[in-house]
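Chemist: Letter by letter, the chains look like this.
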Amino acid sequence: MTVEFLVYGVINTLCVVLLSPLFVSLIKKVKAWSQGRQGPSVFQTYYTLAKLLKKEVIYSGNSSRIMRATPWVCISAVLVASLFVPLVFVTEPFGGIGNIILFLYLLVLVRFFMALSGLDAGSTFGGMGSSREMSISAVIEPTTIIVFAALAFVFKSMNIFDMVGTEVIAGIPVSPTLILIGISLFIILIVETSRIPVDNPETHLELTMIHEGMILEQSGRNLALMELTAAIKQTLLMALLINLIVPWGLSTTLSFAAIAVAVCLFAVKGAILSLVIGLFESSMAKMRFFRLPSLFMMAFFFSTLTIIIEVFA
Amino acid sequence: MSDLLFYASIVLFIAGTLVPLLCAARDTRIIRILSLACTAGGSVLLIVLSLLVLISGVPFTVVAWQLFPGFSLTFFIDRLAAFFLFLIGMVAACVAVYSSGYIEHMEGGNRRNLLCGCISLFVLAMALIVSSENTVSFLLFWELMAATSFFLVMYEYDTLETRKAGLFYFVMTHLSTLFVMLGVIMLWYASGSFAIAPLHTSPASLPLATVAFLSLFAGFSIKAGIIPFHKWLPYAHPASPSPVSALMSGVMLKVAVYGLIRFIFTVFSPELWWGVLILIAGISSAVLGVIYAFKEDDIKGMLAYSSIENIGIIFIGIGLYVIFSCEGLIVLATISLLAALFHSLNHALFKSLLFLTAGSVVHATHTRDIEKMGGLSRKMPYTSALFFTGAMAIAALPPLNGFASELLVYIAFFQSVTVVDPLIKVLLFICLALFALTGALSAACFVKAFGSVFLAQPRSPESENAREVSLSMLAGPAVLAAACVILGVFAYQIFFAFGFALPIPDLFLVSVLLLVMMALAYTFLYFTASRETRISETWGCGTKSQPSSTEYTGIGFSEPIVTIFSSIYRTKKASTKTYFDKNDCIVAEGTAEIRLLKFFEEYLYLPVARGAMKAAKKISRVQNGCLDTYLLYVFIAVIAVILYLGWSA
Chain U
482 MTVEFLVYGV INTLCVVLLS PLFVSLIKKV KAWSQGRQGP SVFQTYYTLA
532 KLLKKEVIYS GNSSRIMRAT PWVCISAVLV ASLFVPLVFV TEPFGGIGNI
582 ILFLYLLVLV RFFMALSGLD AGSTFGGMGS SREMSISAVI EPTTIIVFAA
632 LAFVFKSMNI FDMVGTEVIA GIPVSPTLIL IGISLFIILI VETSRIPVDN
682 PETHLELTMI HEGMILEQSG RNLALMELTA AIKQTLLMAL LINLIVPWGL
732 STTLSFAAIA VAVCLFAVKG AILSLVIGLF ESSMAKMRFF RLPSLFMMAF
782 FFSTLTIIIE VFA
Chain Z
243 MSDLLFYASI VLFIAGTLVP LLCAARDTRI IRILSLACTA GGSVLLIVLS
293 LLVLISGVPF TVVAWQLFPG FSLTFFIDRL AAFFLFLIGM VAACVAVYSS
343 GYIEHMEGGN RRNLLCGCIS LFVLAMALIV SSENTVSFLL FWELMAATSF
393 FLVMYEYDTL ETRKAGLFYF VMTHLSTLFV MLGVIMLWYA SGSFAIAPLH
443 TSPASLPLAT VAFLSLFAGF SIKAGIIPFH KWLPYAHPAS PSPVSALMSG
493 VMLKVAVYGL IRFIFTVFSP ELWWGVLILI AGISSAVLGV IYAFKEDDIK
543 GMLAYSSIEN IGIIFIGIGL YVIFSCEGLI VLATISLLAA LFHSLNHALF
593 KSLLFLTAGS VVHATHTRDI EKMGGLSRKM PYTSALFFTG AMAIAALPPL
643 NGFASELLVY IAFFQSVTVV DPLIKVLLFI CLALFALTGA LSAACFVKAF
693 GSVFLAQPRS PESENAREVS LSMLAGPAVL AAACVILGVF AYQIFFAFGF
743 ALPIPDLFLV SVLLLVMMAL AYTFLYFTAS RETRISETWG CGTKSQPSST
793 EYTGIGFSEP IVTIFSSIYR TKKASTKTYF DKNDCIVAEG TAEIRLLKFF
843 EEYLYLPVAR GAMKAAKKIS RVQNGCLDTY LLYVFIAVIA VILYLGWSA
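Chains as they are written, first to last, in my numbering: chain U, 482 to 794; chain Z, 243 to 891.
Keep in mind that the hints were calculated from the coordinates and are not lab data.
Some hints here could point you the wrong way.
Chain Z stretches covered by chain U per the calculated footprint, using a threshold of three residues with CB under 8 Å from any CB of chain U [what the hints assert, rightly or not]:
id, region
1, 694-707
2, 857-870
Simulated crosslink set (DSS-like; lysine-lysine; CA at most 30 Å straight-line) [stated by the list, open to error]:
id, chain 1, residue 1, chain 2, residue 2
3, Z, K786, Z, K406
4, Z, K824, Z, K406
5, U, K532, Z, K406
6, Z, K406, U, K536
7, U, K535, Z, K786
For the chain Z half of the interface with chain U, some residues (derived, Cβ under 10 Å), not all of them [said to hold, decoys possible]:
id, residue
8, Y399
9, S619
10, P640
11, I736
12, A763
13, P802
Even for Gly, the Cβ is constructed at its ideal location relative to N, Cα and C.
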């Protein structure tokens, strides 16, 4: 492992871990504003995580080792996945790190464990959440793969590093079809991070909850890890969208100034995207569960359109 | 050296067959152990032999026995055959170890001796099919495999379910043999020899070669369980003992895959549309197989449907190989073929692991219905860990082996941008989307399976009293689980060692990174977070002590998918109600049912069966038992022969 890659890993991981809670609270803040409320502070998610770390962990008497292992597996899988998406600094791909399929399947690994832990305590809410999560994931998966295939098609590579690298050198989206892919990626972002209209992250009402249902039995330190996992996953998907559509500012050399600028720029771009997500969520109503496949069909349509344009152009 | 190993393993398998047959009347454990030890020993020798050939890359030929002048039973083992011998040996050895514990808990007295003997013969037949040098011995051992597997399925012949499954299997497996035989005869017409050797097609013999390919494809598809010929799998697997299911699903289906690969690779020079045909057969089996598996409540039935899905994935690999090699893309063709082969091995490993551990669960709970299980992870911790490894592998989670082989398929699909033909390109992208759907559904399917069987609270008294199984029933699956992990983590290195530098991520690095990240997170939280834990009740909106009946069931879990894909499941909802009053306001009682149509059975199999019955009835009129009529037939036949001979002269 080269030194450059090691430095990249440290910077990228720190960025992801430290920035993720900020974006989560920003979206909450935007939603509160649009509802005419003051809303919690933008640092609220940090406070919540710190509070959870101080609390004891309560396990259900029914639960098995799955419940105990899930937070650790989830956080490590999502942290490894974070190495696949360059946030502020692009280096050479190393040992297959950056492979877009592996990135996707690391997120599937997280989902697999989360769904099992939902079933573990024997609570009806958990089971319902797992069932819905796995169903939605099954229906969105063809879209995600086609979007990724379209990306691989446009950039002639399966590696996210190569994709972002090409973008940074070009400075603008290399192909107009990337706008179409961007729309699909945005829908995938909404679905994967359990936002309205797919799921409602704010509620604990059994009719609507999916993600919250699965982690209902988690507590203390474990809950903090699960919340952080969800936040990091959101940041990664946001970063993928940002760096493919508006790539400027990413550093390609290992210099302190360039990276500092890149971090600031990324925070600003992330904040703007959080604003968009918050407004999007506020303007939508929660969809009926069985109406969701039609939303996914829309994302599927845009990515298929990209491929058809690329194939026949 | 290699010849000696080959002979020794055959002798061991034959000993494993003969010992229990000779002592069939005595119901003692030692005979069964001896027979299974012979099977395990023979399998280990097969593994050693295949590794020798795989590593050295030097094929060898064994002339075993001259059947009649000019024709001898000859075996030829090259790298492809050795690969499948490795697969057979690996699974058979673990199954033999498992069976030594499992078989003692079975009912049937000294019938169990015969079961051991049959297993040994079955494994021998499969090993000899793979190493056959010519089509005649291929066919001979193919039939031996069909017959022994039928006896194995019929082990519990006194139950109605098994008899029905056995009959179904018997008909389907012989249909398969029929098609393979037809293909072999066609090949003989086209080439004039029985050797499995390259067929040089001229424009004149091309139609014959095509017919030969189509009938071989049909024969292998029936045996491999490709939709719509799949129906025997979900009948035969639940009905047969678990080690037999593991062997049949893990190995026998792969022998059919071997047949297809061998004939395509060695004999034919395939055309593009053959590849498209195989690809479409594969993708439809993969999608429909996993969709049917998801709603299944019988644990072994679910695994059977999931086998159909995985065979579909293997066929996708073979189809891509043919398409890419017709397009002249050698690198992609190699990747696709390696994907098909690697997935065959991986599926053999994790599916037999799952069938064996499922067998342990069924043995412990005395039911196959996953709705009546639950909470087994605390009663059977080791079995649950082994099943979990298999579930992770089959759900294609990194860094296990299922992921490694599906990744190869994805890479082949993603790089199909280099294909020239735009129509093929569009077809490949449709298949890619469906393949992704398959992957996600199979993850959902195994969340449901593991969750309902092992997690939460026991939902029946049997499951409440379940106990962990004996050591040998853990040792066999444990070897398979270890192989699943090793083949996944070191996939890149293994391919590299065999001379294929594939563009796949280094999963070993990813595993190390996963562990490093986990260690970092743990260390950080060890110093910052509270370390107190407490055991309490599951939150139930304020009610105390929720019974297990409030849990989310398997049927509930699969309901969203069943609703979304209702057009594929063809659900029929029916309800009847009676009312107290005339205006139908107050319901007195009623029934409601949601029934899943057995689409293929009701619209394909039964009409064909009815047609065959009708035809048979008409033909049976010819045989009326009257001597005069029969004499008339003979007379007509003689006249016809005379006329024909006169005509041709």
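Chemist: It remains to establish, for every hint, whether it holds in the given structure.
Modeler: Quick rundown of the hints versus the structure:
Remark: the region 694-707 of chain Z is confirmed as covered by chain U, as 5 of its residues place a Cβ nearer than 8 Å to a Cβ of that chain, reaching the required three. A count of 0 residues in the region 857-870 of chain Z with a Cβ less than 8 Å from any Cβ of chain U is obtained; the coverage claim is therefore unmet, three being the minimum. At most 30 Å may separate the alpha-carbon atoms for a hinted pair to count; Z/K786 and Z/K406 exceed this at roughly 47 Å. For the hint linking Z/K824 to Z/K406, the alpha-carbon distance of about 47 Å lies beyond 30 Å, and the restraint is violated.
The straight-line distance between the Cα atoms of U/K532 and Z/K406 is roughly 62 Å, outside the 30 Å bound, and the hint therefore fails. Between Z/K406 and U/K536 the alpha-carbon distance is near 59 Å, which puts this suggested pair outside the 30 Å criterion. About 27 Å separates the Cα atoms of U/K535 and Z/K786, which keeps this hinted pair within 30 Å; it holds. At its closest, the beta carbon of Z/Y399 sits 38 Å from a beta carbon of chain U; the interface hint therefore is violated under the 10 Å criterion.
Because the smallest distance between the Cβ of Z/S619 and any Cβ of chain U comes to about 4 Å, under 10 Å, the interface hint for this residue holds. With a least beta-carbon distance of about 5 Å to chain U, the hint placing Z/P640 at the interface is held under the 10 Å criterion. The beta carbon of Z/I736 is not positioned within 10 Å of any beta carbon in chain U (closest approach about 15 Å), and the interface hint is therefore violated. A least Cβ separation of about 5 Å between Z/A763 and chain U falls short of the 10 Å threshold, and the interface hint therefore holds.
Checking Z/P802 against chain U: minimum C-beta separation of about 4 Å stays under 10 Å; hint holds.
The earlier numbered hints that this structure contradicts are 2, 3, 4, 5, 6, 8, 11.
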